[in-house]
Amino acid sequence: MVFNYKTNKMKGTYLGEFQEIVLLVILILDANAYGVTIRKEMEERMERNVNRGALHTAFVRLEEKGFIRSEMGGATATRGGRRKRYYTVTNKGKVVLEKARNIREKLWKSIPNFSINPTGL
Amino acid sequence: MKTNTRPPQLWERFFRWFCHPDFYEELEGDLLEHFYENLEEQGLFFAQKAYRKDVLMLFRPSVIKQLQFTFLHQISPDMLKNYFKSAWRSLFANRFTSLLNVLGLSLGLACFMFILLYVWDETHFDNFHQKGEAIYRVNRINAETGEGGTVTSYPFMQALQASFPQIAQMVRLGGDGIVVYTDDEYFVEEGFYWSDSTFFEVFSFPLLQGSAATVLHEPNALVLTERMAKKYFGVQDPIGQSLIIKIRDAGQKINFKVSGVVADPPANSHIQFNFLAPISKSLQVYPQFVNWWTLNWLHTYALVPDATAVAAIEDRIPALLKKHLGEKAPKNLTLEFQPLSAVYLHSDHLSGRQLKGSQRNVFLFSSIALFILLIACINFINLATARSGKRSKEVGVRKVLGARRGQLIAQFLTESFLITAISLTVALMAVRILLPFFNVLASKSLTFETFAQSGFWWILSALLVLVAIVAGLYPAFYLSRFKPVKAIKGIHKTGRLQNISLRQALVVLQFVISVFLIIGTLTIQRQLKYAHRSSLGFDKAHLLAIPVEDQEAISKIGLLKEEFGRGKGVAEVTMSGENLPSKMNNNWNIEWTGLSPERREVANVVAIDADYFEVLGIPFLEGENLRHSQRPDSSKIIVNQAVLDMIGWKKGLNRELTIGDIKGNIVGVVDNFHYTSFHQDIEPTVYFSRSPGFFSSPDNLILRIDGHQVKAALEDLEQRWDAFGFEQSFSYAFVEDAFNALYESENRFFTLFQIFAFLAIFISCLGLIGLSTFTLEQRTKEIGIRKILGASVLDLSFMVSKSFLALVLIANVIAIPLAYLVMGRWLENFSYHTNLAASLAFTALLISILITLLSLAYQVFKHTLENPVEALRYE
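So the protein lines, in turn, are chains G and A.
Residues are numbered in our numbering as their position in the first sequence, beginning at 1, plus a constant of 1.
Residues are numbered in our numbering as their position in the second sequence, beginning at 1, plus a constant of 1.
Calculated from the structure, these hints are not laboratory results.
For clarity, every value in this text was computed on a predicted model and none was experimentally measured.
Where hints are given, some of them may not hold.
Keeping only pairs whose Cα atoms sit at most 30 angstroms apart, straight-line, the calculated DSBU-like set for lysine-lysine is [claimed, not checked]:
1. 50/A to 41/G
2. 107/G to 93/G
3. 86/A to 569/A
4. 41/G to 95/G
5. 86/A to 41/G
6. 637/A to 651/A
Could you put the whole structure together from the sequences, leaning on the hints where they help?
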């Protein structure tokens, strides 16, 4: 029996919800998307705490799937001389993002009667 | 931004350690950026708190470096083939070391297996009974002290069964001495038990003939074991045949009819028997037993299916006893329901004749087994790491060719696995061959078939894996750490401080264990010699003890004594109710004026005659001996010092005591003497004279023989005995031999301990030899140069052995106090023990130094005698 290495598992093209938001935020931040900024932006917009480790895992997965690309650059004194890793969304990532958006819009449109009842239910 | 405030350093280091190098830079940067932001906005304390939280958040599988466990990924069938090939070749390439390794490891594993078998046997006693989990032995114990005896009396069973419906069934086993009569001969047999008809329903002793429900129903029924059936009936079918058996204590002959044959009880059963007869029949023989609550002579067992009910039953026992015994019920008497699984090993608090093992011994031997295994593993580790010099080039080349660290680790682990597997095989063979010898030593009947039990194979496989990993892990990690460039260049850091210390620490550990075992051995030897040589308190030279068991003979014991007194070479004769060594079968309640009502005491009683103390040579502390008279006067008693100590009297002369139903006046006090094993306490004992006819009456004759005429005396005595025409044949024992036999189990334990200690030390020496070989090889150049500069062989030898001797010295310093502590505690277990002299420490020190020098000798001389030219030529 041959063991499957964990590193190159093909997870297909599935885009999880968290990962989708990460992609969007990277696009929002445009040229200034790296760990610290992405996280801050997500926390502000989603109004909840983002687990640093989960975020990093998402980066790794997205990069494995080919949806984002990263490159090192820009060390500052505040970072003790450590460079940042900038992320950008690839074309493949944009394609899959748009697909997800279309599916969602279609779902919304298919709802017959959507109204929020102030008194519950 | 303040530059002198930093995130918590420990956490920084922690993160640096676990973070995968690929992301380390950016993540550290992110952490720092966040930290300094927080520092500005919310201050140092908050910033540091947030940093710790961040680090923890990043402690995830995707971030943590994979290094440690990559070797698991390297286990694919193709690689395995290569690993085994490499392992095999490397074993052959280093034949000497491999041999040492295999030898040491096999020895260690073999010892471990022997001890495992022993411990397995001891802890798996009585495990074959189907209803075993619900079976309990009912012991009589003192509610306060928790001590007691295993025997109970006849009426208990009915009383218990009537009052407690939770008890499903009960069965009793009462031993009796018998003589079996065939047409022309008679045999005195042991292992005859009266039992209830429920015996085969409670216990799982397979019946070869006869059915469990009915085999003990008939009043004259008799169940034989296989070996007895073969002995008395050969190949004939014994069922329906009659067997005439005399019950010695009652003097009655009974014609039994064989109703069943049972398989011989297995060796790991605490219940051993040869004959079983219905207990209802015993009432015909001993009708007085029916209501005799205080005559405790049988073992009672209960089957209680509901385990939770046992405690409730035990609580209600005192009330039950009060109901049946009324005011005569001894205070603090209660019953304990001892689970069957605890009977063999956990009966130290119970007195009485029983087959029992020692939990302490089991524990001791298990520890020794672990120690030996540990030493063997340490050897392996030391040898492997010491060898590292030779293998650094190999590691370097492999790495250059693309081997990842995980692969190297996997390869080295395969090597250790291979060595362990080979050692295990060798060990198994050794165990198979040597098992009979071990059985003799440990007086057990262990079979190799025990290995066939499934539990055992699991243990062995686990052992293989465990030892391979424990011994192989550190060397594997250590060896795979070498940097290729440096390795190939030949720069091998043998001088790295940590590695040398570890190796030295391991050697010290080995020798600590060895020295500990040496001192242990010496202590035990000392104690045994002390026990052997110490005076028992009476003169045991040329003392003969003749047991008189036949009823007729007992009634005529006075005549026997006279007759023997006239025998050739017989200096003196006396009679006693107890043999020497004494089992003290009779203990009666003892009372005296001033005894507080809650307190109950018992004392041993021994029936004697007026010559007893003279023959034995026991001094009187007070008063005088009994007078010779025709009619024994039991109102005149002699007590030993222990009685006075128990009561609290300074002087005992002329005081009054009530012992059992005898009101006695103390006419003499004797000094305490050891009537049984030296290691046991001397209990309060009361001596008086008694006429035949009681259970406690004299049934032993003790004679002092002239040392020069022993053989003639024995022949003469036998003739005189036979002249009486008793049914019992003449038998005798030398008191000295009997006492020595008492120490047999201790001697056996000691021999085993010695052997294992020796083996442990031997394995340590093997390790030392291997280690010294390589250390010396490292220093060949140095030795060569020193020789040229004029050092003598002796100088060099000393210089080279210095480091090892230092290690041994350190080991001694650690081990000696430790050993003294442990052995001191062990000695206190004995009521009479020797002390731990300083000579023990010196001897141990000397021995360990000697052993070290011997192990080093060959290697040291070989290297120091070498021609320095040869040594320096290697470049």
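A quick look at each hint next to the structure:
{"no.": "1", "hint": "50/A to 41/G", "verdict": "holds (18 angstroms)"}
{"no.": "2", "hint": "107/G to 93/G", "verdict": "holds (21 angstroms)"}
{"no.": "3", "hint": "86/A to 569/A", "verdict": "violated (81 angstroms)"}
{"no.": "4", "hint": "41/G to 95/G", "verdict": "holds (22 angstroms)"}
{"no.": "5", "hint": "86/A to 41/G", "verdict": "violated (55 angstroms)"}
{"no.": "6", "hint": "637/A to 651/A", "verdict": "holds (19 angstroms)"}
In summary, the numbered hints that this structure violates are 3, 5.
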